[in-house]
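Number of protein chains: 2
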Amino acid sequence: MLQSQLFTKTLREAPKDELAKNAQFLIRGGFIDKLMAGVYSFLPLGLRVIKKIENIIREEMNAIGGEEILMPAIHPLENYQITKRDAIDVLFHTNIVTGQKAVLGQSHEEVVVPLLQKFIDSYKDLPRAVYQIQIKFRNELRPKSGIFRGREFIMKDLYSFHADEKDFEQYYEEAGEAYKKIFSRLDIGQKTYYTYASGGTFSKYSHEFQTLTEVGEDTIYICEKCSIAVNNEIIADIGNACPKCGDSKIALKGEKTIEVANIFPLTTRFSDPFGLVYKNADGEQKPVIMGCYGMGITRLMGVIAELHNDESGIIWPSAVAPFAVHIIEITSKNENIKSSCKVMYEKLTGLGVEVLYDDRDDKTAGEKFADSDLIGIPWRIVVSDKTMKEKKIEVKKRGEKDISLMEFDSFLKLVC
Amino acid sequence: MLQSQLFTKTLREAPKDELAKNAQFLIRGGFIDKLMAGVYSFLPLGLRVIKKIENIIREEMNAIGGEEILMPAIHPLENYQITKRDAIDVLFHTNIVTGQKAVLGQSHEEVVVPLLQKFIDSYKDLPRAVYQIQIKFRNELRPKSGIFRGREFIMKDLYSFHADEKDFEQYYEEAGEAYKKIFSRLDIGQKTYYTYASGGTFSKYSHEFQTLTEVGEDTIYICEKCSIAVNNEIIADIGNACPKCGDSKIALKGEKTIEVANIFPLTTRFSDPFGLVYKNADGEQKPVIMGCYGMGITRLMGVIAELHNDESGIIWPSAVAPFAVHIIEITSKNENIKSSCKVMYEKLTGLGVEVLYDDRDDKTAGEKFADSDLIGIPWRIVVSDKTMKEKKIEVKKRGEKDISLMEFDSFLKLVC
Chain A
0 MLQSQLFTKT
10 LREAPKDELA
20 KNAQFLIRGG
30 FIDKLMAGVY
40 SFLPLGLRVI
50 KKIENIIREE
60 MNAIGGEEIL
70 MPAIHPLENY
80 QITKRDAIDV
90 LFHTNIVTGQ
100 KAVLGQSHEE
110 VVVPLLQKFI
120 DSYKDLPRAV
130 YQIQIKFRNE
140 LRPKSGIFRG
150 REFIMKDLYS
160 FHADEKDFEQ
170 YYEEAGEAYK
180 KIFSRLDIGQ
190 KTYYTYASGG
200 TFSKYSHEFQ
210 TLTEVGEDTI
220 YICEKCSIAV
230 NNEIIADIGN
240 ACPKCGDSKI
250 ALKGEKTIEV
260 ANIFPLTTRF
270 SDPFGLVYKN
280 ADGEQKPVIM
290 GCYGMGITRL
300 MGVIAELHND
310 ESGIIWPSAV
320 APFAVHIIEI
330 TSKNENIKSS
340 CKVMYEKLTG
350 LGVEVLYDDR
360 DDKTAGEKFA
370 DSDLIGIPWR
380 IVVSDKTMKE
390 KKIEVKKRGE
400 KDISLMEFDS
410 FLKLVC
Chain B
0 MLQSQLFTKT
10 LREAPKDELA
20 KNAQFLIRGG
30 FIDKLMAGVY
40 SFLPLGLRVI
50 KKIENIIREE
60 MNAIGGEEIL
70 MPAIHPLENY
80 QITKRDAIDV
90 LFHTNIVTGQ
100 KAVLGQSHEE
110 VVVPLLQKFI
120 DSYKDLPRAV
130 YQIQIKFRNE
140 LRPKSGIFRG
150 REFIMKDLYS
160 FHADEKDFEQ
170 YYEEAGEAYK
180 KIFSRLDIGQ
190 KTYYTYASGG
200 TFSKYSHEFQ
210 TLTEVGEDTI
220 YICEKCSIAV
230 NNEIIADIGN
240 ACPKCGDSKI
250 ALKGEKTIEV
260 ANIFPLTTRF
270 SDPFGLVYKN
280 ADGEQKPVIM
290 GCYGMGITRL
300 MGVIAELHND
310 ESGIIWPSAV
320 APFAVHIIEI
330 TSKNENIKSS
340 CKVMYEKLTG
350 LGVEVLYDDR
360 DDKTAGEKFA
370 DSDLIGIPWR
380 IVVSDKTMKE
390 KKIEVKKRGE
400 KDISLMEFDS
410 FLKLVC
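Heads up: the protein sequence lines correspond to chains A and B, in order. For the first sequence, numbering that gives the first Met the number 0 assigns the number 0 to the initial residue and increments by one for each residue that follows. For the second sequence, numbering that gives the first Met the number 0 assigns the number 0 to the initial residue and increments by one for each residue that follows.
Note that these hints are calculated values from the structure, not bench results. Do not rely on the hints blindly, as some may be mistaken.
Which copy is meant is left open, because identical chains are indistinguishable; a pair holds if it fits in one copy or across any two.
[Said to hold, decoys possible] DMTMM-like cross-link-like pairs, simulated, lysine to aspartate or glutamate; straight-line CA separation at most 20 Å:
| # | residue 1 | residue 2 |
| --- | --- | --- |
| 1 | K33 | E67 |
| 2 | K367 | D236 |
| 3 | K362 | D120 |
| 4 | K385 | E139 |
| 5 | K123 | E168 |
| 6 | K337 | E254 |
| 7 | K341 | D309 |
| 8 | K33 | E12 |
| 9 | K100 | D88 |
| 10 | K179 | E53 |
| 11 | K50 | E67 |
| 12 | K190 | E223 |
| 13 | K332 | D309 |
| 14 | K33 | E77 |
| 15 | K123 | D358 |
| 16 | K8 | D120 |
| 17 | K395 | E12 |
| 18 | K385 | E53 |
| 19 | K117 | E12 |
| 20 | K412 | E345 |
| 21 | K252 | D16 |
| 22 | K278 | D361 |
| 23 | K362 | D124 |
| 24 | K362 | E12 |
| 25 | K180 | E17 |
Next up, chain A with everything else stripped away, as it sits in the complex:
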């Protein structure tokens, strides 16, 4: 896209109330905009990143048999009375004009269980896995760190339905592996730990994926041998013995992290109150065993930005970058510069490469370079009087220092 047509502009200064680096860069770069505490708009550059994250997650959820659906945001309060979750403090409440009481979805067990109940009769209808990518609402007392903890955010939530524990456990493993693939594709895999956490009152453990970052709110203890971790909330209970290898080798020092996802054995916690049962091969009624698998998409955008940056801005991993190539036209009286840039822009976009082309006439080279660093697109191409003389372009990878002069055709081979 032409940068002259982008309605957002970069900001020199970050808002004073945003302390986390990711929030500062995302706001300054024009990726997000704060409407009120914990509630953000996603602007053209930010929405492109969100969609890339979503598509990676979608591919991996489809690969483990997930069927995508979209459930409503408004839920009848009575469903929460059935599960005794109507007093959860993060629920937003509202009233239907007819007098019915409703809440905004912070999770969807109260909707997905009655939904699947309409379609599950016998063991032949199991297993099932459904997921959605949807807006969630949590009435947080203290929203924090930009899009790390919002009152409104985008989440992927998958729910699985099984005939027995064994089938559930196998799927739970599979979902965990799918999550690892996602974090690896998002380039946060090396800093993200599979973490044992509290299973609530009905399971021994649940599992979180925790990413190392100083601005995180959680603390984990890592077992270097297994590359797993234990959440602070259960470290006292397990007596410092790794729940995987059994050795007492868990690090004594905690690390600050942020939870990017969790997977949770629900057993029959939600099947029971709704009476979600199936008939087994012998015609007996059995309760359906469930799991749930959440992943914060807007939070992931923040985490990626928090982990991939330098003092000048974000360094997006290619898989989620808003564009692949940033063409910088250095304003000049030489008309050939503009026409060369246009040719390159059209050639690249024609080949399916996503390009942001800085065609603005009222910006200096310095301003354009600063914007380019802040926005953080992986490849930067510069076309100037100097490069035109040599019939070459200047190529630089964001986050690296080397600048190469090369012919455009050589660059094409690099990115296509």
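Got chain A; can you put chain B on it based on the hints?
Structure of chain B alone, referenced to chain A:
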């Protein structure tokens, strides 16, 4: 996808409270599910249709320079006090835990104006057009006709920002033409009329796109000469003279319709209260002229289903069908049937054709045909003992009576 893996099942009977044909078929076919009055889930087949409609709209909005963003659903009530819309009766209200009052977005003028205000300084920053595809909330007293009038629904809303009336009017025309393209691509163009409607207190007219259907709630009067219409609400004011050609030739008999979209000159209705101004070339402050352009996406799915069906079910236009081809395997002891179907399924999907393959072993041919008619995929292929003997497949277009026997390779040429 394999139909045996689809978690939804078709229903023989429609729920008694759903009177409109589209709602009956959409629920019976497993496209949507009602959670509460006016609030629906979109199931795998339905979400596929929704995404196709969204992508067609997205392409046409991008073509007229629209930049896609995503604004929040929760809005601060104070923004509505500024525009004096805080008492609108369809607003859902909620409270932030900190005491701040909030509403759920039923439209986004109160968010988009302060947002664009951050980026519009001078005439050089105009015109701008931003849009989103987002969930909207309206606390309707009487939700109606399935997804025709919901309390929660998906909408595309675009907002345009201009330096003067002339620039606005030009864009307004362009947006109207883009809308016509969309309705033509969705195959409801011939029954959809560009309709003059009330412009509120600040414009002479706004314009709606009204689609003829007996289950509609609006009434329009058509000028056959111009192929435009006038909404009932202003017919008395204009004295039966067509607002386009001026002749008194408007039909005297009203037609029942449903509004699928509207475009609205906002003039400075929202710029003024927020003080959205720009500096012109002479350095003078001028108010920004705005337009808004809405389109109901979930409603469009209902309208398409309402217009394209027969007594057996929906007949989806190709552009929005959940799949292009429905392979029906007639259960048999002949193992070659299953393996042939699999080969065709993989060949088609490999070529990028979207296929639903009815591989279910526990359904009769009659049940499979009935399901196929109800779901309404454009092409139906049948593979049975009879077709196998002739080394052919049976091909039928949904909505047509002819059934042809042909080789699979000939069918490939038809669909690829």
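Review point. Can you tell me if K117 and E12 fall within 20 Å by alpha carbon in one copy, between copies, both or neither?
Key: Between copies only: 14 Å across chains, 53 Å inside a chain, cut-off 20 Å.
Check your understanding: How would you label the pair K278, D361 (within, between, both, or neither) given a Cα cut-off of 20 Å?
Key -> The answer is between: 16 Å across copies meets 20 Å, while 71 Å in one copy does not.
**Study point:** Intra/inter-copy verdict for K50 and E67 if alpha-carbon distance must be at most 20 Å
**Key:** both (15 Å within a copy, 11 Å between copies)
Point to revise | K385 and E139: within-copy, between-copy, both or neither at 20 Å Cα | key: neither (54 Å within a copy, 64 Å between copies)
Review point. Between copies, within a copy, both or neither: which fits K33 and E77 at Cα up to 20 Å?
Key: Between copies, since 15 Å is at most 20 Å while 33 Å is not.
Review point. For the identical chains here, do K367 and D236 meet the 20 Å Cα criterion within one copy, between copies, both, or neither?
Key: Close neither inside one copy (54 Å) nor across copies (55 Å); limit 20 Å.
Review point. Between K252 and D16, at a C-alpha cutoff of 20 Å, which is it: within one copy, between copies, both, or neither?
Key: Cα proximity of K252 and D16: none, with 30 Å in one copy and 61 Å across.
Review point. From the Cα coordinates, with 20 Å as the cut-off, is the pair K100 and D88 best called within, between, both, or neither?
Key: Answer is both: 16 Å inside a copy and 17 Å across each meet the 20 Å cutoff.
Review point. Between the shortest in-copy and the shortest cross-copy C-alpha distance, which are at most 20 Å for K33 and E67: within, between, both, or neither?
Key: between (29 Å within a copy, 17 Å between copies)
**Study point:** Up to 20 Å CA-CA - D120 versus K8, copy category
**Key:** Result: close only across copies, 11 Å inter versus 55 Å intra.
Point to revise | Identical-chain pair category, K362 with D124, by Cα at 20 Å | key: between (61 Å within a copy, 14 Å between copies)
Review point. For K341 vs D309, is the C-alpha pair at or below 20 Å within one copy, between two copies, both, or neither?
Key: For K341 and D309, neither the intra-copy (30 Å) nor the inter-copy (51 Å) Cα distance is at most 20 Å.
Of the numbered hints stated above, those contradicted by the structure are hints 2, 4, 6, 7, 13, 17, 18, 21 and 25, listed in ascending order.
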